[in-house]
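Participant: The chain contents come next:
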Amino acid sequence: MLGKLLFFELRFQFRKLIFWVVALGFLFFGFMLTLYGLKLPDVNTNAPYMIAYSLSLSSIGCVFAITFLAASSLLRDQDHQMQELVFVTPITKFYFLTSRFLGAFIAALSAYIFLIAGMLLAVYSPLQDADKLGSFQLMNYGWNFFLFALPNMLLVSALLFFIATLIRNRMAIYLGGLAIYIGYIAVSLFSGAPWMANINPPSAEAMALAAKIDPFGISSFYAQTRYWSAYEQNTKLLVLEGSFLLNRLLYFSFSILLILFTYSIFSFRKSKTIHKADGENKVVKNQQLQSYQSTTTTITNFRFFRKSFFSLLKIELHSIYKSFTFLLLLGLWLFVIGIELFSEVQEHTRTSAILVTSGQLIMTIMDVFPVFGILTIVFYAGEQLWRNKLIKFDELNDVTPATNYARLLSKFIGLISIPLLMIFLGNGIAIALQLYKAHSAIEWGLYGISVYYLGMPLVIFLAISILVQTIIPSKYVGMAVSFFLALLIASPLSTLMGVEHQLLRFANPFTTFAHDSYSDFNGFGQYTQAFNWRMLLGLFIAIFALVLSNAWWIRGKENNLKQRLMQTERVLGKKGKRLILFSFIGILMTSGYIFYAINWVEHYETRSDKIRWTKNYELLYKPFKDKPQPHITELNATIDLYPTENWYEVKGNYLLDNKTDKPLDTVLLGIHRSVILKDFAIDGATVIRADEKYGYYLVAFDRPFLPNENLKMTFQFESGWSPFTGHEAFNAIVDNGSFLRISNYFPFFGYDDSQELKSEDLRKEEGLPERKEQIPTLEEVAQNPQEYDADDYHFIDFQLKISTDVDQQVIAPGQLISEEIRENRHVYSFKSTNPVPFRLAVASARYEVQKWSYKEIDFFIYYHPSHKINISSAKEAIIHAFDYCTENFGPYQYKSFRYVEVSDFTSGFVATSYPGVIYHREGIGFTHDLSNAAAQNVLYKTIAHEFAHQWWGGQLHPKQMEGAIVLTEGLAQYTETMIYEQAFGKELTHKALEVEMDSYLRDRNFKEEMPLFRVGYVDPHIAYSKSAKVFYALKELIGEKALNAILKELLIDFSFPQVPPTVNDFLTILYEKTEEQYHETITDLFKRVVVYDVSVEGVSMSVLPDSTFELNMEVKISKYRQDKNGKTIEYPIHDHIEIAVMSGDKQVIYLKSHRFERMNNQITIKVGEKPQSVIIDPMGILIEEDQINNKVDVQ
Amino acid sequence: MHMNSLVLQNITKIYPNGVNALKGVSLELGNGMFGLLGPNGAGKSTLMRTIAALQSPNEGRIFFNGTDTIRNPQFMRNKLGYLPQEFGVYPKISAQDLLNHIAVLKGILNNTERRKQVEGLLNQTNLYAHRKKAVSSFSGGMRQRFGIALALLGNPQLIIVDEPTAGLDPEERNRFHNLLSEIGEQIIVILSTHIVEDVSDLCPQMAILNDGEIVCRDSPKTLMKQMQGKVWRKTIRKELLNQYESSHLLISSKLVMGERIIHVYANEKPGEDFYPVSVQLEDVYFHTLKLQSIRKEEVAC
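For the record, the sequence lines run as chains A and B.
Here the first sequence is numbered in our numbering, starting from 392 and rising by one per residue.
Here the second sequence is numbered in our numbering, starting from 44 and rising by one per residue.
FYI, nobody ran anything at the bench for these hints, they're computed from the structure.
Hints may contain errors.
[Said to hold, decoys possible] SDA-like, lysine to any residue: derived pairs with alpha carbons at most 25 Å apart:
id: 1; chain 1: A; residue 1: K1286; chain 2: A; residue 2: N1027
id: 2; chain 1: B; residue 1: K66; chain 2: A; residue 2: T767
id: 3; chain 1: A; residue 1: K783; chain 2: B; residue 2: S137
id: 4; chain 1: A; residue 1: K1155; chain 2: A; residue 2: G1407
id: 5; chain 1: A; residue 1: K780; chain 2: B; residue 2: F329
id: 6; chain 1: A; residue 1: K780; chain 2: B; residue 2: S137
id: 7; chain 1: A; residue 1: K1286; chain 2: A; residue 2: I1262
id: 8; chain 1: A; residue 1: K430; chain 2: A; residue 2: F1108
id: 9; chain 1: A; residue 1: K783; chain 2: B; residue 2: Q139
id: 10; chain 1: A; residue 1: K783; chain 2: B; residue 2: E215
id: 11; chain 1: A; residue 1: K783; chain 2: B; residue 2: R174
id: 12; chain 1: A; residue 1: K407; chain 2: B; residue 2: Q139
id: 13; chain 1: A; residue 1: K603; chain 2: A; residue 2: Y572
id: 14; chain 1: B; residue 1: K135; chain 2: A; residue 2: G1407
id: 15; chain 1: A; residue 1: K780; chain 2: B; residue 2: Q139
id: 16; chain 1: A; residue 1: K783; chain 2: B; residue 2: L211
id: 17; chain 1: A; residue 1: K953; chain 2: B; residue 2: I113
id: 18; chain 1: A; residue 1: K953; chain 2: B; residue 2: L222
id: 19; chain 1: A; residue 1: K780; chain 2: B; residue 2: G131
id: 20; chain 1: A; residue 1: K1259; chain 2: A; residue 2: A1324
id: 21; chain 1: B; residue 1: K268; chain 2: B; residue 2: N285
Isolated chain A, as found in the complex (with noise of 0.2 Å):
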């Protein structure tokens, strides 16, 4: 019987159209995720790991595919009206129920297996790397399906068929898998689920919580594989124990439970009962009743037209705003956009909060809104066209003499009504947090707009959607193709499916194309602009559809659509006609101008445009590399800022010195990708080959250029960018705020590789060779100085006439000349006082100032006027930065200091160091809440290691190379991580390494690792958080003066204009200056990958006569590191390590410094007080994957 039922159960999802809809969609997404998804260095693309992560993730994407097909399956009886048939054939609950919620399940499991044939599919099609390909293991996805994809499925379709037993409403089961996908999402978002988090790691504790209670177990598997190394990846399944395994059987037995008890209260009963009205036969004998009587009607004029459509449109919105489904709906969404609005005002393990502006609320539900927005579209647009043919109301409906126009209108007001309801209510909640937080002022206006700019895009969507329901006969094929099209025209994936031109993809959300950009400086920038055009567009295209929706509007029965087709002409109407020709040739002219704006104005590019060209820069100039060039050693430009216009133009000229030992015939000039050359000079030399494309001018000599010499060469170039190809993020010219980093994008000699394709799986693709191993190696630089250009700073002189409009302040380096206004512009100059690294920026805004003089230099502080509060926090910061340095490291060089903040159309740094200026952007610092003692000031932070660059990078500027790093960023760690301590303490500064350390040890997993003294420019968990834990450590190890005096010794032997210096050079001085038997313990810090593992056991006490207490207890180290093979090598020790006893009121009774020379270690301590736990690191100055086990209560 069962089987039976199965099998016709089965029968019927393998014929509905949605099962392979659904399963096509899983074949897609697996093929996609894979070839496009998570890649890492030296993992297999069917590592056992990065099956785990695909099917692990995309469980949470099955909710949306089990919804589809449990809502078919569930509620098919009483979508054709069947129920009572089968209510009453003689099947009983168990059997009906069992073959339902199986046939569903199975279903859904077999649309699953796709997803595993997608991955399949792109694991060994030909755009797969072959070198990436592990063996195949049938186990690895066996074991990884049946330890996510089985109890997560078996866990939705619970969820699922308890919510149709309960609710028996269709709308019901979408909402509820849209509930259990966002509420999964945002409740990971919100408890800062390790699988989410990307800036800021999650404490350990909140780690193994989530690993708990996560109910699709990714956190789980986050928490169990997060330090697993590469080899570890591609080898090691996941052990089910632990956290691990008792989430899965939690979440096993909920499911089975629910399952129970859905069973239990479900019951044959009717979900609608008709009840025969009571005192039916009750005849109402009433004489003044009116009989019946004909009347007149009007169904021509304008009013029948607005009668109608205000009593439709009444119906429509009844039966919205009256269900059940669209109070969830509400629910959900006011649910998760106040978790995300609170969430985006918390403080962070990183941060402070932030003070809440109008801006970043508005930002935060711009982000999160248009996919919501898009999906109500889809849903209800499928459900509300089709809803008088479901409750077969259609006929009497439509046979009424109600124009087309009406219903149509009536629909689509009713329908857009429900997001644009969702904007005001998260506008509301984002105001209430204003209120509530009482930071700055309400931006009514800036509110305003975002309902325009939230609302416009899903106008123009839901004609589409109109369209598209009234073209496609069936409700569900119109739904899937509505969402096909969002994916395609109105959201940011569209890129994925290889619509990039913005010309198609008119209704994407405002912010794909902005970027994410807005500033308290400039709002939303130009970008609203081509924003207005698209949605000029768009609404031209809207009105099209609708006209068209309007004629081919399915009234009564006639849902063939030629039979539709044909009636075009005549129901179309001389207005309809009209109005099509109006949209249409609306549509020409605005599409036309974008196309013009993007092909013709700017140089429009695919991406796959953008590679070749990168590609093709690399191949035919890369050869270029080692051609002698001259070097610039003088520079004089006029910078004249347009920022209203977005755009800049720079003449200048450079004296250039041919400092090698030979004389030069010929030069390679270059000019950066985003600037136009216009003009440029050399003099007594003509160019021989210009190839504008590349940027590449091969310039040759008329006599040859000798050693020593010097030459003049003129240039004048400019650069800009158009709202619609959107901005660089350092050539960031803006209406205000802009910031340059313009030196970039000066004419340069020889070959400049940072315009080289850099995603190393790119390369790959397009057989480039590999581009992480370009710096030189220690070895290499030492060998040969000469020929890495290792042995001279190259500084240069200049002089800088910047000009910009009238009412903004331009901040360059160098020391202020003159400021003056002339022509109504504003023209500063500037001037090198001392020869200075070619590297150059410029901001220009309108701004607020604030200065002071403090031993004899002069401060100032350029900000915007609404982010006044911070600025007395900044000037401490700047003055305890200022004191630490020339206290510890020698004199500030320059006469005047200027902190200057930046718009946040420029991205990519936090702040930025330039000779005697900071440039800093606006959102991270200036913007927080620093009132809360307790959580990081980040604003300090980040001054004290802006400030740290003046000395290091500087003063001490080493030649891009193996380990450069160290002596830049790692001393600005470490100079950052010394100021915070004396100005926050202990506990704030370890908490803040603490972060460090975990970005180090999750992101160095995922390749061969480089010790300290080695690492690149392409390893920040090493160069930045490996070196604020090493410093650390050395400091703890050999003391702050003395490292602090290395450090001097360093700057006074290497700073300009002497020999740059290598992390050798450094290294050099430690080891000469320290005790040797701190060595062992240094070179473990910068020359090896060393991790630790210590821990405490068997601690025993015992009282001694004189009533002071004995501990014993054995010390285990363990230290070692892991080869790419996964081989675990362990290294000798000789290490310091300390081990502090508290007592029980949380007092640190004893703290000493213990040296260790093996693994298993007696210890026998005495303390004066009863001691109630024994740490040992109490201050985490190890590294170290397992603290929990550093510290033990005394028995």
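Starting from the known structure of chain A, arrange chain B on it as the hints suggest.
Facilitator: Positioned in the frame of chain A, the structure of chain B alone reads:
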């Protein structure tokens, strides 16, 4: 009293799946109740929907009072009352509100007039006491009466009721018939049904639709008269039914109080124990269907 006319010319409907639902139906109707009789699947509903402009025919034209309503469906919609074979309603909306809504959609824009008419209809259909109740909670009979109320809104000159009495108990059916006959004199009312009594009770004119074709069209009286004296009845043993079927032109066979009684068509008394019957419309109906199926078979042979 306005004289209305509905003319169907050669209406043909072929569904995309190939089903030829209507094969050149032509009819002319004037005021009064018109019964369209036919078995299930004959194409009645398709024809009704086609007239109601809810479907368009592949071929043929429809004129209502001289206007081509396929080209100008609004003309038809403005004068039409239509009660579909089955219909649902919006949940949680009361009878009165729904009537009001449809009244607006029909173009009754004056609030007072609309209120008056809705009240009148509720009264006429005996639903006044239930006007505040959700229609979705109505019983079958109440729902059909409510449907008639919907159809009567405005100033309909043509009313189409498609299988209105299916599933109603005799009392309800009776009440429904009274309602229809009250309005049936001054306008065209098309009653589409497979129940012979509905037509014989109510309709002075009728047609039989079978397999997409009009098989006959006349007044029931004339039709019955034509067959007078040619229908014979006999009580038989049920095993012999096949035998009679092959030897006689069998009109119908039914059980009456456990006995099998057959009606056969014959110009003269066909044999022993056959008795003449007074012809009912049912005999005409079954005989017509029978004749058509025989004709079809002959063509096929």
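Participant: Please go over all the hints and tell whether each is borne out by the structure.
Facilitator: Structure-based check of each hint:
1. K1286(A) <-> N1027(A): Cα-Cα ~21 Å, so holds.
2. K66(B) <-> T767(A): violated, 45 Å
3. K783(A) <-> S137(B): holds, 17 Å
4. K1155(A) <-> G1407(A): holds, 20 Å
5. K780(A) <-> F329(B): violated, 35 Å
6. K780(A) <-> S137(B): Measuring from Cα to Cα gives roughly 20 Å; hence the hint holds.
7. K1286(A) <-> I1262(A): Answer holds: K1286(A) to I1262(A) is near 21 Å, not above 25 Å.
8. K430(A) <-> F1108(A): violated, 39 Å
9. K783(A) <-> Q139(B): holds, 19 Å
10. K783(A) <-> E215(B): holds, 23 Å
11. K783(A) <-> R174(B): holds, 21 Å
12. K407(A) <-> Q139(B): At roughly 40 Å apart (the allowed maximum being 25 Å), Q139(B) and K407(A) break the hint.
13. K603(A) <-> Y572(A): With Cα atoms ~19 Å apart, K603(A) and Y572(A) stay inside 25 Å; holds.
14. K135(B) <-> G1407(A): Violated, because 70 Å separates the two Cα atoms, which is more than 25 Å.
15. K780(A) <-> Q139(B): holds, 22 Å
16. K783(A) <-> L211(B): Holds, because 19 Å separates the two Cα atoms, which is no more than 25 Å.
17. K953(A) <-> I113(B): holds, 16 Å
18. K953(A) <-> L222(B): Violated, at about 40 Å.
19. K780(A) <-> G131(B): holds, 9 Å
20. K1259(A) <-> A1324(A): holds, 19 Å
21. K268(B) <-> N285(B): violated, 29 Å
Checked against the numbered hints given earlier, this structure breaks hints 2, 5, 8, 12, 14, 18 and 21; the rest are met.
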